[in-house]
Amino acid sequence: MSKKPSRKPINEMQQLIAKRRVARRLAMIGTYQWLMTGNTFEEIYQYFQQDLELAEDFRKCDAAFFHKMLRWSIENTEQLETLLNPHLDRKLAQVDMIEHAVMRIATCELINNPETPYKVVVNESVNLTKKFGAEQAHKFVNGILDKVASQTRPEEFKASQSSTLN
Numbered sequence: 000m001s002k003k004p005s006r007k008p009i010n011e012m013q014q015l016i017a018k019r020r021v022a023r024r025l026a027m028i029g030t031y032q033w034l035m036t037g038n039t040f041e042e043i044y045q046y047f048q049q050d051l052e053l054a055e056d057f058r059k060c061d062a063a064f065f066h067k068m069l070r071w072s073i074e075n076t077e078q079l080e081t082l083l084n085p086h087l088d089r090k091l092a093q094v095d096m097i098e099h100a101v102m103r104i105a106t107c108e109l110i111n112n113p114e115t116p117y118k119v120v121v122n123e124s125v126n127l128t129k130k131f132g133a134e135q136a137h138k139f140v141n142g143i144l145d146k147v148a149s150q151t152r153p154e155e156f157k158a159s160q161s162s163t164l165n
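In terms of numbering that gives the first Met the number 0, the sequence shown opens at residue 0 and continues consecutively.
To be clear, the hints were calculated from the coordinates, so they are not data collected in a lab.
Predicted model only: the values in this text are computed from it and were never measured.
One or more of the hints may lead you astray.
Claimed, not checked - With a Cα cut of at most 16 Å, we get these calculated EDC-like pairs of lysine to aspartate or glutamate: (1) Lys129 - Glu155; (2) Lys138 - Asp88; (3) Lys90 - Glu80; (4) Lys138 - Glu77; (5) Lys146 - Glu55; (6) Lys59 - Glu11; (7) Lys18 - Asp56; (8) Lys146 - Asp88; (9) Lys18 - Glu77; (10) Lys67 - Glu134; (11) Lys118 - Glu155; (12) Lys67 - Asp88; (13) Lys90 - Glu74; (14) Lys146 - Glu134.
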């Protein structure tokens with residue numbers, strides 16, 4: 000009889016990381032929905048509560064983080080576009096909506112959550128794009144978000160770049 004390997008208990012930090020990962024995915028889905036429909040934050044939030052699959056995922060996420068990210072993504076279009084547009088090789092309206100949604104959420108997090116290292120924000124965004132976006136879209140998202148991070152977190156970005164060179 001073989002024994003199943005025991006799983007290590009998940010500590011609080013691992014739980015927070017997992018909950019935030021789910022919240023980022025849901026915020027990206029909500030932002031995508033907003034880009035497609037123009038629905039208000041309240042309408043999207045209500046939809047998330049009513050849809051069985053989304054409601055189940057919602058119970059697994061950091062709800063406050065999700066709420067903050069989605070609301071900020073929807074309500075701060077001008078600031079987000081001002082940060083994203085200079086780095087794009089085309090108009091934002093021509094960017095695939097999944098990529099657009101991922102970059103909006105990531106930019107929100109870069110601005111509002113300085114406790115999360117920018118490399119984590121970029122990596123999580125790249126992973127979302129790999130899962131939901133076009134085949135090579137993650138490279139585009141990675142490049143744009145690196146540039147946005149250099150603007151929104153110049154000291155952290157510079158320190159990271161110099162530590163990579165050493």
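Pairwise hint evaluation, Asp88 against Lys67, where the allowed Cα distance is 16 Å at most: Violated, at roughly 29 Å.
Satisfaction of hint between Glu77 and Lys18, Cα-Cα up to 16 Å: 28 Å, violated
Is Lys146 close enough to Asp88, meaning Cα to Cα at most 16 Å? Distance ~13 Å between Lys146 and Asp88 Cα, so the pair holds.
Pair hint Lys138 and Glu77, alpha-carbon separation not exceeding 16 Å: 25 Å, violated
Within a Cα-Cα threshold of 16 Å, do Lys129 and Glu155 meet the stated pairing? 25 Å, violated
Restraint check for Lys18 with Asp56, where alpha carbons must lie at most 16 Å apart: 10 Å, holds
Just to be careful, I want the Cα atoms of Lys118 and Glu155 compared with a cutoff of 16 Å; is the pair within it? 10 Å, holds
Has the given pair, Lys59 with Glu11, been kept, meaning a C-alpha gap of at most 16 Å? 14 Å, holds
Please verify whether Lys138 and Asp88 have alpha carbons no more than 16 Å apart. 13 Å, holds
For the pair we were handed, Lys90 and Glu74, check the Cα-Cα distance against 16 Å. 20 Å, violated
Lys146 and Glu134 were given as a pair; does the straight-line alpha-carbon distance stay at or below 16 Å? Since the Cα atoms of Lys146 and Glu134 sit roughly 21 Å apart, the hinted pair is violated (cutoff 16 Å).
Would the pair Lys67 and Glu134 pass a check requiring their Cα atoms to be no farther apart than 16 Å? 29 Å, violated
In summary, the structure is inconsistent with hints 1, 4, 5, 9, 10, 12, 13, 14 from the numbered list given earlier, while agreeing with the others.
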